[in-house]
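Trainee: Since the structure of chain U is already known, use the hints to place chain B on it.
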Amino acid sequence: MVRKFFVVDREGDNKDYGQAFEPVPGQVSEDEVGLETGLLLLLSELALLMEELREVKDKEPVGSLQILSDTVNKVAGFAEESLGGALREGFLPEALLDASGSFSHLKLLHADRNRLSARTAINLYGGWTGDADGKNQAFQQISLGMVRVLESYLIYIAEFFTTPCLAQEWKETLEIYINELSESVRSVVYR
Amino acid sequence: MRKHLAKLLVREGLVSAEQIRESTEYGEGSGIGLGESLAALGYVTEQQLVEFLSGEFGVPSMDIDACETDESALGLIPRETALEKFLVPVSVEGPDLTIAVSDPSNILMLDDLGFITGKNIKPVVASERSIRTKLTEYYGESGAARAQPDEEGSGEAGTEALDVNTEFQKKNEEGFVFDFTDGNGRRHDIPASESGGGPDLIETDIDTSVNAAEESGPGIEGTAPQAWNGIETYGESEDDDRDRASALHRDTELRAGDPAIQLNEVDGENAREPVSSGRITGTAFETPHEFDSPSNGDGYSTPDVESPGTAPVINAPVSPGRNEKTDGERGSVLIVDFSPTVRKIMRISLERAGYKVVSAGDGMQALASINESIPDLIFVDLKLPHMDGYQLCKVIKSHGLTKEIPVVVLSGKVGVLDKMKIKMAGASDFITKPFGPDALVGALEKYAK
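Protein chains in written order, with my numbering: chain U, -19 to 171; chain B, 100 to 548.
Check each hint, because a few of them may be wrong.
Said to hold, decoys possible - Partial selection, computed: residues in chain U whose CB lies under 7 angstroms from chain B:
#, residue
1, L23
2, E25
3, A27
4, L28
5, L29
6, Y157
7, E160
Simulated from the structure, these hints should not be mistaken for laboratory data.
The model shown is predicted, which means the values in this text are computed figures rather than measured ones.
All C-beta atoms in this analysis are idealised placements derived from N, C-alpha and C, irrespective of residue type, glycine included.
Bound-form chain U, shown alone (with noise of 0.2 angstroms):
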């Protein structure tokens, strides 16, 4: 199967990325054209949940860390699905110790058979004892890795693109929704 694809600069111009301003029609395959159609999908739903974190945000901030674990889950389970064999064993709980140098609080977080939990962290935010700002930037720094997480998920995801345009266009878009992501969760005051 042949398909067409053009790639939108920031400027919402059609742009190629191999010859600048001039949309050349490349080969994709089926593979790409599959993962394209889930990642959209996937994305839309990502979007959903990253609503309901804005809302919850102000109501209930502890919400906001159900539902970063469930973004995360819901990716690893997309992984497995379209990349099957593909995808290394083990990614999870690897992406988890890789952000956790990062974000040391991380290491709160398990994760069990290719899943995060974020019980322990939700648990620890109703018994607190610390004071207000530490309690703030500790879970700010959970939410934060689990995004960063999220980002090597979706970074790998995208490097199964191998038509040079349209894996320009998925690093973009993956990012996009990376950054409107840690923006809403800086936005979280835990309290």
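Mentor: Chain B in isolation, oriented as in the chain U frame:
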């Protein structure tokens, strides 16, 4: 029956404006509602009315003559409320309270009932006569106690509560102006000329019109000003009920003077053809076709929600032109969604299907975009900053040049009340999130001309 419902009946061809006028007079004389009056005069049957309203608002109909209300349902609605709002409680099942109404469009009333009773209100449509009979039976009160003036006066009935002022300004020499009041009571003209009109502007307008006339045929200039003035006296925000029947009559006449219709008559062409061209320059939106912030392209940061006053400025009078289709292009789409992620994935989905896409992060940007170029269809998210999707839809649908553009609403959750609000705002359809490319393309294939 509220004024806008009467308009709807006329618009959909169920009855004529004259029949509405006569029935209103008849109803005032005999103390019954418009629905009953229409039926009494033989213009429409009760059953037809009920079926029409049921279909229009997606609310089931019910023959309440044949059923008895259970005591628990009766106990939930105070007698005064039932009489004042002209409704009959039907049944209560768990969290759901079913009520029969003759006007299913009164969203605020239904919201109020939900608040009063703590229940999920499930409306059903019944005839005015049936409701009156049941009210008399249950409350021993003549159904003639119906409080018609409350329909509009209670308030902000239905989507009119959205505080959208869709009147169009007389100063039509400024071009195509959307004028609305946002939720904070701030009034916006989009786009509003900061040059203040004056001779130069008028001269430019004439020049532009002449150019357009040369390209598109004669008769364009001169029609719009009359029509704008006409429309100014028309609109849902007009809240006087002094002469409802004659107002309705006038409305109907004015529709015939709508600019779109006049353009059709004069030009013999679609009213959405380009009339003149102009370019938006200025404060908020530098790029002419992409209304996402230039700094973020299709994302990277959310739109500045704190700057509703930074409406775009026009240098020359602008009237919207339709996007010209190129080979292989199936039409143009405007996406209005706060989320850069959603805008981006929608853009990918639609461009893959061959559509030209413009996107906007809020209603202000959307109206500015429409001012630049009229799309074949608009996707509108309900949750938007400054003015929500309902308001935006209503503004679009109230303007002669844009009312024919199909609007498809995007929303996470769509309940019965949401469906009614969407319908009332004039949207063609809705798509629930999350959605795949097929849902978007399907909507375009169904609604875009």
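Trainee: It remains to establish, for every hint, whether it holds in the given structure.
Mentor: Comparing the hints with the structure gives:
Nearest Cβ of chain B to the Cβ of L23/U: about 5 angstroms, under the 7 angstroms cut. The hint holds. With its C-beta approaching chain B no nearer than about 4 angstroms, E25/U sits inside the 7 angstroms limit, and its interface hint holds. Contact between A27/U and chain B, as hinted, is supported at the beta carbon level, the nearest pair being about 5 angstroms apart and thus within 7 angstroms. Because the closest C-beta pair between L28/U and chain B is about 5 angstroms apart, less than 7 angstroms, the hint holds.
Checking L29/U against chain B: minimum C-beta separation of about 9 angstroms lies over 7 angstroms; hint violated. Contact between Y157/U and chain B, as hinted, is supported at the beta carbon level, the nearest pair being about 4 angstroms apart and thus within 7 angstroms. With a cut of 7 angstroms, the hint placing E160/U at the interface with chain B holds, because the nearest CB-to-CB distance is about 5 angstroms.
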